[in-house]
Amino acid sequence: MAVNEDALAYHHPLYDLMLNVPGLAVGLAPVDRLLTWGLKNSLWVFPMATSCCGIEYMAASASRVDIDRMGTIPRASPRQADVMLVAGTITVKMAPRVKRLWDQMPEPKWCIAMGSCAISGDFYRNLYSVVPGIDTFLPVDVYVPGCPPNPEAVMHGLLRLQEKVEAARAGHPVNAEPPPELFGAISPSLPRLTDQNRPPELSEEQVQASLTVVPEGDPGEVPVDLTPPSIPGALPDGVSTELAPLLKDRFGVAEIPADAPPLVPAERHVELAATLKALGYRQLVFVAASHHPAKKDGEAEAFEVAYALRTVGAGSKVASWRVRVPATESVPTLTPTFAGADWQEREQFDLVGVRFSGHPDLRRVMLPENWEGHPLRRDYPADHAAAPWR
Amino acid sequence: MGYLLDGLKSMWTTALNAIRPPFTQEFPKVLRPHPERYHTSFALLHDETGDEACTGCGACARICPSQVITVKLGKRESAITQKKRGYADDFTLDLTACLVCELCVQVCPTDAIVMLKVPELPGFRREDLVLSMPRLYENEKSKPLGWSNATKLMAMQDPKAGAAKPEPSKETAPAPAAAGAAS
Amino acid sequence: MSGWTGLFVFLVVSVVMIGGLLAAAWMLRVKARRDSPLKRHAYECGEEPDGPAWIRFHPRYYVVALFFVLFDVEAAFFFPWAIRERALGWAGLGSIVVFTGVLLVGWAYALRKGALKWQ
Amino acid sequence: MTLFAWLSSILVAVIVLTVTAFGLWWERKLAGRMQSRLGPTIVGPIGLFQPIADLLKLVQKEPIIPQRADRALFWLAPPLTTLFALLVAALVPFGPKLAPANIDVGVPLIIALGGLALIPVWMAGWASHNKYALLGAMRAVAQSVSYGVPLVLTALVPVILAGSMNLNSIVAWQHRHHWLVVWPVFLGLPAFILFILAMLAEANRIPFDIPEAESELVAGVSTEYTGMHFGFIYLAEYVHTLVGSAVASTLFLGGWDGPFGPSVLWMVLKTCLLFSVLYWLRWSLVRLRADQLMALAWKWLVPAGLALVLLAAVWTQTPWGR
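Residue numbers (our numbering), protein chains in the order written: chain G, 1 to 390; chain R, 1 to 183; chain V, 1 to 119; chain U, 1 to 322.
Treat the hints loosely; a few may be bogus.
Pairs of lysine-lysine residues, derived as BS3-like cross-links and limited to a Cα-Cα distance of at most 30 angstroms, are as follows [claimed, not checked]: (1) K141(R) x K75(R); (2) K9(R) x K152(R); (3) K9(R) x K299(U); (4) K72(R) x K141(R); (5) K84(R) x K152(R); (6) K141(R) x K152(R); (7) K141(R) x K164(G); (8) K29(R) x K164(G); (9) K164(G) x K39(V); (10) K143(R) x K75(R); (11) K39(V) x K93(G); (12) K97(U) x K113(V); (13) K117(V) x K97(U); (14) K143(R) x K164(G); (15) K9(R) x K72(R).
Keep in mind that the hints were calculated from the coordinates and are not lab data.
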């Protein structure tokens, strides 16, 4: 009846008109109650289940809790759903998809953030790739705490949503003002959609953030002084003994460290890989790059890339080495020798920013195309303002 | 043919299921009994003297993997024992990012923080899920407390005692809010 | 004749009922205050729609349609025979057996040619 | 006569729609029990008002027409699916001569109307301008077209035995002799099973629901539909199944014929029973692949249908079937 026009994201055009006819409003009161009753008792769910909370949601649909009892059925298409149940970590790459699906749902619609990851990003919330709470870009109606919440909590969340639907239609929306003493208690303290003092254009910005490249200043000015760690000898067992004479005799490597793979000159390492492949090291296990920022003693910024190969079959042997190049130079690609190096090198380019010369398709593989910077560089700030959705 | 046989078999199964009593426990009416170390929400306790058990040492805040606990240390004289000691001037547990991993309970030197057996109510705002100090002490009074606290968990790990540990009683009624309930 | 009148009346009633539901839906529909430009994009699991949907389809569907035209038209011939079946006696039966035989030869030929291979 | 037509039409249409609505509830209840759940319990007594709540919710949803859709077709298709599915109900006799339309060419008309219901499905799929919807519509058409042939052939069996295409006469014949599934059992039972299979395929129900296979096609034809328009597609599917089971019980289970009591009761009883069995099938079986579906129709059901027709013809020529 007394639908609070400003509190809801939708309105009934014709129904509102009818309410303005004198005398009709009284007659329509039971109709309105009936409509609200229908609205709150038929909440069809669009499960936006991305990780472990999704399993709990499934359990909620299954026999023990059975949310079908309250008329909640899952719909595969957002067009027919009323509630988006975000269950799981939403990454920055996923967020535009979630937003699009949310937009494609017809009004009236609601959103339930299930579990810590959806509410706040959980302990990934300062990570470069995770959205710190879906309420930075979606209007969330009910927050279900837990990590993950148990199936009963999902149903409880839906029951709370019913309360909210009813209250909103009755004209007193339930989350009007947050208690002031709790401001700032939540970290990271990012503007949320429900914040009163949130600039309205922020939402639009966040939508656009992942759709277009936002020009930003150079983020690489943050002073970071960390001693470059040596790549740990991750492969203590089974490291090949035939590697040492090979490196000393043919590749002129002077010393072979005990706790790290030997350093090979960048221009020779493709040849080394080919030689090892001929010796039976047929599988490229990993390509792992690390970033070493410039140090105070004059050592220039550099990248180290570690490679590991292994023989296939029983009694497998491992051969690993590393390559160190200044940040301005590139590492020759291993793609012609090992086809599997293609994506692994792309990944290192994506996350660390190492360039591989001769690589056939050097573009981002994990992060969105418009991502700025390389998040695993040591000078990449943890809470990067330029990262989308932040 | 295989499909036909399997189809008949599955039809038999569903028919049997249909006449069996269903598993469903009707949630708002019937509550499933929770285990004693059920991980949900938190409460701060009073010690046996009736004073606040928390000394504000911040061990929980340091161990918390997702850094949701903020403790503000204050030193003052106790109103009950008249001794000067540490207190938490402010204690906030942000349930929105909590992992419910129980580490804070395990490290607490004074058994001040324990878990509850009932989950926190789903909230309409993020702020509804922030457990401020009054709410944490309120939880002690009004909600059933879990079995585990730091002392009991430590005792479980004592090699001399072995794995033998007093299995908690099966009562599911809310524990009385009396001081020392968890010591 | 009366049967057809009944059918017509039923048609009118159904149209009115369905129209009534439509009218109710039109009257009670809600409207969003703010429309997102993404709302009216085609649903493609949250991705940008990739090209138009009105694309060319595999011809296997066409073959099924051809099959249908063949058999359904033949099946329609059965009806006049079916209601007069008793009166026509063994002679009618013999002729329909021949007809079915010819049909089945065509059916076997099509199957042999792999008309229903779904690849 | 006209008054009777109006009254019976309104009555039948209302009853079919109501029964369908509560059929939805019944299905969810049954599905719940088959999965050791309860099904709807909260909305109304034993969840009985669940379909009403769903309906009230659906009429309030915001209608969305996709950007590149064919607007007119998109709007028109879902009401038409319900209309065509509903029209068949006019021909089903609920008692001796008790049908809104008692037409002499009943059997072919039913099959024709069932085939007509295909057109709005295709309209919906095409107009949505959505790949899932189009693929779903494509599959729906291929499937219905394939299963139309065995449907026609199996419906011929009662026609041959009764010597009439009027549904009322067919039931009357069963009343005079036996229900078709009872005797001649070697004709009636296989024909009945074949008819049910073909009818399920026409209504796109499991195990023949590849047009809307959730795991691959989201929601098939109805992917882009919101609110009441989706409701119409949803409703049509159930009306189709309900009316289909009414037709099947008319043709093979003796329709309104029963040992005692009013004829309408028997008809309703048989229809609801068959309806429930179809749900039982739905919640027990897995769906077939598209090629298996086509192979089943063309390699097995069509020849089997032809054989049944010929067998029925031979039977009527023998002294027992005369």
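Hints versus structure:
1. A distance of roughly 25 angstroms separates the Cα atoms of K141(R) and K75(R); the hinted pair therefore holds under the 30 angstroms criterion.
2. Note on K9(R) and K152(R): the hinted pairing is violated, with a Cα-Cα distance of about 51 angstroms set against a maximum of 30 angstroms.
3. With a CA separation close to 25 angstroms, the supplied pair K9(R) and K299(U) stays within the 30 angstroms bound.
4. Only pairs whose Cα atoms come within 30 angstroms are accepted, and K72(R) paired with K141(R) is accepted, the gap being roughly 23 angstroms.
5. For the hint linking K84(R) to K152(R), the alpha-carbon distance of about 27 angstroms falls within 30 angstroms, and the restraint holds.
6. For the suggested pair K141(R) and K152(R), the alpha carbons sit about 21 angstroms apart, so the restraint of at most 30 angstroms is met.
7. Of the pairs offered as hints, the one joining K141(R) and K164(G) holds, with about 28 angstroms between alpha carbons and a cut-off of 30 angstroms not exceeded.
8. Simply put, K29(R) and K164(G) have alpha-carbon atoms about 20 angstroms apart, close enough for the 30 angstroms limit, and the pair holds.
9. For the proposed pair K164(G) and K39(V), the alpha carbon gap of about 24 angstroms is at most 30 angstroms, so the pair holds.
10. Between K143(R) and K75(R), the direct Cα distance comes to roughly 29 angstroms. Compliance with the 30 angstroms bound is thereby established for this hinted pair.
11. With a C-alpha separation of about 20 angstroms, the suggested pairing of K39(V) with K93(G) holds against the 30 angstroms cut-off.
12. For the given pair, K97(U) sits about 49 angstroms from K113(V) by alpha-carbon distance, which is inconsistent with the 30 angstroms threshold.
13. Taking the CA atoms of K117(V) and K97(U), the gap is about 47 angstroms. The hint is violated against a cut of 30 angstroms.
14. For the hint linking K143(R) to K164(G), the alpha-carbon distance of about 24 angstroms falls within 30 angstroms, and the restraint holds.
15. Restraint check: the Cα-Cα separation between K9(R) and K72(R) comes to about 65 angstroms, which exceeds 30 angstroms; the hinted pair is violated.
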